[in-house]
Every structure is written in C-alpha cells, then in structure tokens.
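Asker: As a plain string of letters, each chain reads:
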Amino acid sequence: MRLNHEESFTIQGGNFLDAGEVSIHIKRMLQDMGVAPEILRRVAIATYESEINIISYATWGVIHIQVSPEEVVIDVDDEGPGIEDIELAMQVGYSTATDKIREMGFGAGMGFPNIKHCSDSFEVTSKVNKGTHLKIKFKMQQTDTTES
Amino acid sequence: MDIASIVKELNLTVACGDEFLSREVTGGYVGDLLSDVMANSQAGYLWITRQTHQNVVAVASLKDLAGIILVQGKGPENDTREKATNEGVPILVTKLSSFETAGKLYKLIV
Numbered sequence: 001m002r003l004n005h006e007e008s009f010t011i012q013g014g015n016f017l018d019a020g021e022v023s024i025h026i027k028r029m030l031q032d033m034g035v036a037p038e039i040l041r042r043v044a045i046a047t048y049e050s051e052i053n054i055i056s057y058a059t060w061g062v063i064h065i066q067v068s069p070e071e072v073v074i075d076v077d078d079e080g081p082g083i084e085d086i087e088l089a090m091q092v093g094y095s096t097a098t099d100k101i102r103e104m105g106f107g108a109g110m111g112f113p114n115i116k117h118c119s120d121s122f123e124v125t126s127k128v129n130k131g132t133h134l135k136i137k138f139k140m141q142q143t144d145t146t147e148s
Numbered sequence: 149m150d151i152a153s154i155v156k157e158l159n160l161t162v163a164c165g166d167e168f169l170s171r172e173v174t175g176g177y178v179g180d181l182l183s184d185v186m187a188n189s190q191a192g193y194l195w196i197t198r199q200t201h202q203n204v205v206a207v208a209s210l211k212d213l214a215g216i217i218l219v220q221g222k223g224p225e226n227d228t229r230e231k232a233t234n235e236g237v238p239i240l241v242t243k244l245s246s247f248e249t250a251g252k253l254y255k256l257i258v
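Line by line, the protein sequences give chains U and Y.
The numbering of the first sequence is the numbering used here, which starts it at 1 and goes up by one.
The numbering of the second sequence is the numbering used here, which starts it at 149 and goes up by one.
I should point out that these hints are in silico values taken from the structure, not numbers from a laboratory.
Backbone N, C-alpha and C define an ideal beta-carbon position, used for all residues, glycine too.
A portion of the hints provided could be inaccurate.
In silico contact screen, one side only, chain U against chain Y (beta carbon under 7 Å); selected entries [to be verified]: (1) ALA19; (2) GLY20; (3) ILE45; (4) VAL92; (5) GLY93; (6) TYR94; (7) ALA97; (8) ILE101; (9) GLY105.
I would like the entire structure built from these sequences, with the hints used as guidance.
Answerer: Written out as structure tokens, the structure is:
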C-alpha cells in the first residue's frame, strides 16, 4: 500500500458537463492506494459536493488532497462570490442556487450538510467577493460517522 | 437478485451497460436531487430517477450503485449513455412512474 500522496485538481466554474470527473478520479486513486471502501465512499461524497459547489458558484477552484496512513485531508479553494453567512449555508435546505442549477437536481441546500455528515472534521472560511476555503478531514480508522 | 432478473420482471429496456446485468442489487433509492442520492443511497442500490442528463452517471459511479432506472419512458441523453458506458453504469428505462417502479422493485427485492 502506497499511503503518502498529494495532488491538486483544478475545476472551472460553470462546467457542468464534467461535473464529478475529478471526484471519480480521486476515488479511483484512493482505491488503487488500498484505502478502505468505507472511507473512500465518504471522501467521494465530500469531493463531489465540493466540486459541484465550485462549478455552481465560483469562477474556478482547486481541490487539493493529501493522503497519509493516518488521514485524508482535502483542501478546497475557490475564487468566487464567497459566503456571507456560513451558519446559514450549513443549514439543510438553504441554497442560493439559480433555477437552472436546481432543474438539474443540484442546489438542494444539502452540500455543506452532506460534507459535515460524512467527514470527521469540516471547516469553512470565506471572504465575500473573494472566495471560499474548505478543510475536510477523514481519519483512516473506522468511525461512527458512516453514511447511514 | 441480479439486474438481469429485474429487467425481465419489470419489463425494462436496457439503454446501455448490457455487460453489467449480472450485478447484484441490494436495495433501491428514489430521488431527483443529486445531493440527496449522494447522501442516502448505498452501494449496490438501483437508483430510480427522472433525471436523464449526464450528471447522474458520476453519482452512480461514486456511490457504487448497481445501476439507474429512468422513469416515464424518457431514455438517457446521448452523452449520458456514452458516459455511463465508459463508467460501467447500466441504465434501464421504464414507462412507469417512480412510484410504480419503486413499488414493484420493493416487492421483488425486499
């Protein structure tokens, strides 16, 4: 098992055609590294929601993943409108998505709650009109925060 | 129960992914909100939805779903079919509604 790895992926805002590609790539990478299915499915939820957020709201962004024997750390940085009220954005059902985004089945106001639920630690920092930073961590050992 | 038996029992049309019909189905989930399906579906589930655009493929692939059933007779868009074939996600189509499809599937596998 090769359990030390770092990689960054750039995502363009507005590009719904390729939505999920980076997350699929990351999942395969973790699979090849021998990461437990339970962990990689949770990481997949977090990277997917992060990816959709960049595509839906930001100009562009980067998902950076760092894997060690102890944990998986994901840093998401985007350039975009930022979030005025992070507490509100953490609430299930709250979304600023446009009708176009909602018609495709996105923008249900579940992105941040999903990330929080599937991860072991989740921090959001944001500057309005600059961008948003997410730090998401997963411990390699089994925890109680499964996707049930 | 495998997908092939479900295709037969529910009289589904296979839009793509013929080679994966031996896959075992462990349950099902109905939803048109992608984040809802990301959060609440489990590996091995068949996903019943009316979303026909290509973003359904990534969700199914990331969650290791057995496949997708599209309802109301609306088949996948061409790029959806192409992506699903590449990702190994079978897409099945039915004329029934989500409600009827879920009811029949539930009877079969639960």
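Asker: Does each hint fit the structure? Answer for all of them.
Answerer: Results of checking the hints against the structure:
1. Hint on ALA19(U) holds. Least Cβ distance to chain Y is approximately 5 Å, under the 7 Å limit.
2. With a cut of 7 Å, the hint placing GLY20(U) at the interface with chain Y holds, because the nearest CB-to-CB distance is about 2 Å.
3. The restraint placing ILE45(U) at the interface with chain Y holds, with a minimum CB-CB distance near 5 Å, inside the 7 Å limit.
4. A least Cβ separation of about 10 Å between VAL92(U) and chain Y goes past the 7 Å threshold, and the interface hint is therefore violated.
5. For the restraint placing GLY93(U) at the interface with chain Y, the shortest Cβ-Cβ distance is roughly 11 Å, beyond the 7 Å limit, so the hint is violated.
6. Among the interface hints, the one on TYR94(U) is violated; its C-beta lies about 13 Å from the nearest C-beta in chain Y, farther than the 7 Å criterion.
7. Among the interface hints, the one on ALA97(U) is violated; its C-beta lies about 11 Å from the nearest C-beta in chain Y, farther than the 7 Å criterion.
8. The interface hint given for ILE101(U) is violated, since its Cβ lies 11 Å from the closest Cβ of chain Y, which is over the 7 Å cut-off.
9. Contact between GLY105(U) and chain Y, as hinted, is supported at the beta carbon level, the nearest pair being about 4 Å apart and thus within 7 Å.
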